[in-house]
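Trainee: Sequence:
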Amino acid sequence: FDQHLIDELDRAMHLDPTQDQTRATNDNFKRNLPRVPNRRLSLRYEYAIGPWFRGVDPWWNDEAFHLSPNQFPNDSYVFLGAEIHYRVQATDSVTVDLFAVSTNLAYEEACPQTSFLKDSTPMPGRSIGLGFEPPFDPGYDNRSVSLVRCFKPQNLPQLHGVVRPSTNLKF
975 FDQHLIDELD
985 RAMHLDPTQD
995 QTRATNDNFK
1005 RNLPRVPNRR
1015 LSLRYEYAIG
1025 PWFRGVDPWW
1035 NDEAFHLSPN
1045 QFPNDSYVFL
1055 GAEIHYRVQA
1065 TDSVTVDLFA
1075 VSTNLAYEEA
1085 CPQTSFLKDS
1095 TPMPGRSIGL
1105 GFEPPFDPGY
1115 DNRSVSLVRC
1125 FKPQNLPQLH
1135 GVVRPSTNLK
1145 F
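If you want our numbering, it's the position in the sequence shown, counting the first as 1, plus 974.
Hints are supplied without guarantee of correctness; some may be wrong.
Using C-beta positions, here's what the derived DEER-type ranges look like [what the hints assert, rightly or not]:
#1 Thr-1065 / Gln-977: 33 to 41 Å
#2 Ala-1056 / Thr-1088: 19 to 27 Å
#3 Leu-1091 / His-978: 21 to 29 Å
#4 Val-1068 / Arg-1013: 41 to 49 Å
#5 Asp-1093 / Gln-1063: 27 to 35 Å
These aren't lab readings, by the way, just hints derived from the structure by calculation.
All residues carry an ideal CB built from backbone N, CA and C; glycine is no exception.
All chains should be built: construct the whole structure from the sequences, respecting the hints.
Mentor: Here it is in structure tokens:
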């Protein structure tokens, strides 16, 4: 369920709520299965105007309730990610995307229920990545190749399909 708040030629704003939950049991023994993901809620916000794109992505992961035998519970946690992209028109036919992507901005310690190492090793802390995405083939139509498509006005309505760039050079 993707909420298109603004869909115009030069700008777009989307809100994308997400919820997932899994329950798994062994019917023969009437027990919960181990390492089943916890309930998660998210509310992704995206805004694009001209060559700029911004996104904020908070995720709330619930604590574990339905534990298997010999499994320890974990606490709930919130991850906050953000990103900003800027598309530079290098020449008439070549564009380059510059971006900064961050994860776990709240720097919260998290131990996902699905991990074999959750009792000893938490997930990574805060990270910030900077990078650029050059065109793959300058002779090819750049709109079809770029993984971040939301910057071109004709692609703004497809904002919810944004994929993070693959050429992620971290400094």
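Trainee: Confirm or reject each hint.
Mentor: How the hints compare with the structure:
no., hint, verdict
1, Thr-1065 / Gln-977: 33 to 41 Å, "holds (37 Å)"
2, Ala-1056 / Thr-1088: 19 to 27 Å, "holds (24 Å)"
3, Leu-1091 / His-978: 21 to 29 Å, "violated (40 Å)"
4, Val-1068 / Arg-1013: 41 to 49 Å, "holds (45 Å)"
5, Asp-1093 / Gln-1063: 27 to 35 Å, "violated (51 Å)"
Of the hints listed earlier, those the structure fails to meet are numbers 3, 5, in rising order.
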